[in-house]
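Please work from the sequences and hints to get the whole structure.
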Amino acid sequence: MKIINFLKDQWFALIIIAVLIFMQIESDQRASIYQDKLVELRKKIEYYKAKDEQLKHKIDSLSSLDKEIVERIKIIKQKEYVQIKMVDSIPVSELQQFFTDRYSEGNSN
Amino acid sequence: MSFNSFSQTDTPKVTLTETEARKVIKDLLKYDSLKLLYAELEQRIELLSKKEDLLYARLAKKDSIIATQQEYIDVQESIINTKKPIRLNGFVGVQTFQVSLTEPILYIQTEVELGKLTLGGRVFAQPNNPGGYGFVVEYKIF
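As given, the protein sequences belong to chains V and H, one line each in that order.
The numbering used here puts the first sequence at residues 415 to 523.
The numbering used here puts the second sequence at residues 3 to 144.
Bear in mind the hints are in silico, worked out from the structure with no lab data behind them.
Idealized CB from N, CA, C, for every residue including glycine.
Please note that the accuracy of each hint is not assured.
[Claimed, not checked] Computed footprint of chain V on chain H; a stretch qualifies when at least three of its residues, placed anywhere within it, have a C-beta under 8 Å from a C-beta of chain V:
{"#": "1", "region": "47-61"}
{"#": "2", "region": "74-83"}
{"#": "3", "region": "100-106"}
Pasting the structure below:
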């Protein structure tokens, strides 16, 4: 009886406690949903970072290939320069030979 | 000086001087070199296009990372707001009747903030009058 009387007297306090407990439980549930979402987002970020790293490696490999091409272009230009310089000094017989070799039968260049 | 090696017997002859022949050879060498350069440059253009595509793809990935990180921050903020601790306040105060210091009410108040709602209790005492206690319920307007 005493307990019932106490509850009757303190009904307002009990309502407040009940509301607080309800709010706490609801807040925990919401926080748990958000935590799951955070884990999901973290995974998503990791996935994007891994993809980005892969792309970075691909770009790096293409850059090194580009350097090789630039090097080959330099060599072609150097060769051209040397060959053109040599033309001034080669004898006439070699000039004739050049045309013979270049425009021999079957060579359409 | 003339060159017979490239002339044909059944077609009209073309005669070049030595200087002209050297110039022609130089031009031909340049032509050969340009053909090689063209092939290399075509390869380079293809490579650079691929690189451009990859860079765009990387940019898109970076944007995705930034957007996801922003989303992450938003969720974290939501958690902070959800887990906002209940604020407990305590006050000691004096309340007067009108603009006068006669028989002021002295009180001690404790309260709990629940968002816009404040719930609390107040114990008060007044000279010449019996003291007492009561509940305080407030709603924040601004």
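Checked hints:
1. 47-61: Since 8 is at least three, the answer is holds.
2. 74-83: holds (count 5)
3. 100-106: Not satisfied, violated; 0 residues make the cut.
Of the numbered hints stated above, the single one contradicted by the structure is hint 3.
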